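Protein chains: 2
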Amino acid sequence: MEPFGRVTIIGVGLIGGSLGMELRARGLAREVVGVTRVEETIAAARARGAIDMGTVDPVAGVAGADLVVLATPPGLVVSMAQRVLPHLRPGTLLTDVASVKANIVRPIEAIVRQDGVVFVGGHPMAGNEGQGIAAAEPGLFEGTVYLLTPTDRTAPSGVKRLADLARSVGAVPVELSPDEHDRTVALTSHLPYLVAAALMRATATAGPTAGPAFLGATRVAGSPVAMWGEICRLNQESIQKALQAFREELARLEEAMTDGDRLGEMLEAARQARLRLGTHRSAGGSSGDRDRN
Amino acid sequence: MEPFGRVTIIGVGLIGGSLGMELRARGLAREVVGVTRVEETIAAARARGAIDMGTVDPVAGVAGADLVVLATPPGLVVSMAQRVLPHLRPGTLLTDVASVKANIVRPIEAIVRQDGVVFVGGHPMAGNEGQGIAAAEPGLFEGTVYLLTPTDRTAPSGVKRLADLARSVGAVPVELSPDEHDRTVALTSHLPYLVAAALMRATATAGPTAGPAFLGATRVAGSPVAMWGEICRLNQESIQKALQAFREELARLEEAMTDGDRLGEMLEAARQARLRLGTHRSAGGSSGDRDRN
Numbered sequence: 001m002e003p004f005g006r007v008t009i010i011g012v013g014l015i016g017g018s019l020g021m022e023l024r025a026r027g028l029a030r031e032v033v034g035v036t037r038v039e040e041t042i043a044a045a046r047a048r049g050a051i052d053m054g055t056v057d058p059v060a061g062v063a064g065a066d067l068v069v070l071a072t073p074p075g076l077v078v079s080m081a082q083r084v085l086p087h088l089r090p091g092t093l094l095t096d097v098a099s100v101k102a103n104i105v106r107p108i109e110a111i112v113r114q115d116g117v118v119f120v121g122g123h124p125m126a127g128n129e130g131q132g133i134a135a136a137e138p139g140l141f142e143g144t145v146y147l148l149t150p151t152d153r154t155a156p157s158g159v160k161r162l163a164d165l166a167r168s169v170g171a172v173p174v175e176l177s178p179d180e181h182d183r184t185v186a187l188t189s190h191l192p193y194l195v196a197a198a199l200m201r202a203t204a205t206a207g208p209t210a211g212p213a214f215l216g217a218t219r220v221a222g223s224p225v226a227m228w229g230e231i232c233r234l235n236q237e238s239i240q241k242a243l244q245a246f247r248e249e250l251a252r253l254e255e256a257m258t259d260g261d262r263l264g265e266m267l268e269a270a271r272q273a274r275l276r277l278g279t280h281r282s283a284g285g286s287s288g289d290r291d292r293n
Numbered sequence: 001m002e003p004f005g006r007v008t009i010i011g012v013g014l015i016g017g018s019l020g021m022e023l024r025a026r027g028l029a030r031e032v033v034g035v036t037r038v039e040e041t042i043a044a045a046r047a048r049g050a051i052d053m054g055t056v057d058p059v060a061g062v063a064g065a066d067l068v069v070l071a072t073p074p075g076l077v078v079s080m081a082q083r084v085l086p087h088l089r090p091g092t093l094l095t096d097v098a099s100v101k102a103n104i105v106r107p108i109e110a111i112v113r114q115d116g117v118v119f120v121g122g123h124p125m126a127g128n129e130g131q132g133i134a135a136a137e138p139g140l141f142e143g144t145v146y147l148l149t150p151t152d153r154t155a156p157s158g159v160k161r162l163a164d165l166a167r168s169v170g171a172v173p174v175e176l177s178p179d180e181h182d183r184t185v186a187l188t189s190h191l192p193y194l195v196a197a198a199l200m201r202a203t204a205t206a207g208p209t210a211g212p213a214f215l216g217a218t219r220v221a222g223s224p225v226a227m228w229g230e231i232c233r234l235n236q237e238s239i240q241k242a243l244q245a246f247r248e249e250l251a252r253l254e255e256a257m258t259d260g261d262r263l264g265e266m267l268e269a270a271r272q273a274r275l276r277l278g279t280h281r282s283a284g285g286s287s288g289d290r291d292r293n
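Residue numbers (our numbering), protein chains in the order written: chain A, 1 to 293; chain B, 1 to 293.
Please keep in mind that the hints were generated in silico from the structure rather than gathered at the bench. The model shown is predicted, which means the values in this text are computed figures rather than measured ones. Using N, Cα and C, we set each Cβ at its ideal position, and we do this for glycine too. Where hints are given, some of them may not hold.
[Claimed, not checked] A short list of chain B residues far from chain A (calculated; beta carbon distances all over 12 Å):
id, residue
1, E2
2, L28
3, E31
4, R271
[Said to hold, decoys possible] Pulled a few chain B residues facing chain A out of the computed Cβ check, cut under 10 Å:
id, residue
5, R37
6, V112
7, G127
8, V174
9, Y193
10, L194
11, A202
12, F214
13, A221
14, W228
15, T258
16, G278
Turn these sequences into a full structure, and let the hints steer you where they fit.
Here is the structure:
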């Protein structure tokens, strides 16, 4: 892809910081500007190679940017977009990285000027248990899925540029509508998180017998809580539907426990589905702690 | 520990085969005899270094044994114990490796002669997604928990010998009563398996968005089904209680989704509990596929 000129990343944490590292290491941007909430993060992000320069002022940070990445916690994305939009040049590509889309894409599209900034919702399905710039790492996106959520109002050129960027950092871009995204990710990300938290809470008294299945199932419960609270608020309806679908399947399995053959068939269908998924996306060197999203 | 003379492993699969490899590689036994169901497994197990010699005849296999390990699928352990018990010498240590204990320990204790064989129930909480001798691997027990389930009828000398063996293969022996074992493992092993299967079934239509949390939570659903069916049958009551406790916690989390502060507190408690567990037991080189039990 043709490199960006100035890229401004607002929120230089796990995802924003890792993206900055890739942009700089791979020469995908002429310069990377970081916007942080606290001054100290600027030095830390520079030391880690995630940004060339930083500021705590979003308006100053987006000046002259060709690409602006909103990488704040999900609950702050829309207000930050509102704050910086008047200061973006026409033609600037604006995107976010939040794990919830409809309640972010819809309000941002309502304020993006038709003739000006190009907004494309994005969600890189990458992460680890950590948070902040300290948890950022090169290679975080390698082999992961990068969801793009264009609507009928999204300029195809913007989608193409973001897809090229996703590929350039090693990810596989996949397009979904914002609503499809939220339904799907409720099932494959938000539901497993709540299930992991419930498993931890249900086994509080279970003692020292955590085997590999338990550790794998619950690892994501160790990730920072604040973001998940915002996700639950912003994607409540889809998460409730996902919980309902899950509860029904669990009840079906429990009913079948008295009928060995039927239980075996149901478990075998689950097994085949799991084997089709493979393990490659989690089998990398640092797979053991890649467990957010 | 003082090495065993002849060790007979009945069922040279993932666990039995891995144990044989450790016994031989570490000089913990003078010789390891394997009893298999099919003739071909004998050659495969010898080639993999899991046994010195093998037979398909359990009675011939246990002749002269100082330690007999019942490593068949859980549903066959009691009948196999019945078959070989009359042929064991007084003083022989008999153990099993099944993930269910009360329904195995109770019937075996009922037939073990008081003055003869010493039976100690065991459950190494180790494994991977595979099955059979092909999936056996040295180091499988390293850093894992090896549960021992003595009762008031169990000779302490037998418990000590099995605990020494567990330590010698790199595991941490932990004693629980058979009933405690079944309650605990229902929560920390059988429940996560059923949850993983239900997650797979609930997300059948979710498309290509499986992130690391989902892959981690569902990996165990890819493990062979037959053993899990037997576990569900043999530990049904405890599993139903575990499912109930889990359902209640999940419902509490869902209720709290409309109350950000309360949800945050509940998720934070889960997070702290998960962080206390650590990752060391799943962070080894082959952690990515250590997911049975």
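*Kindly indicate which numbered hints from before are broken by the structure, ordering the numbers from low to high.*
The structure conflicts with hints 4, 5 and 6, although it agrees with all the remaining ones.
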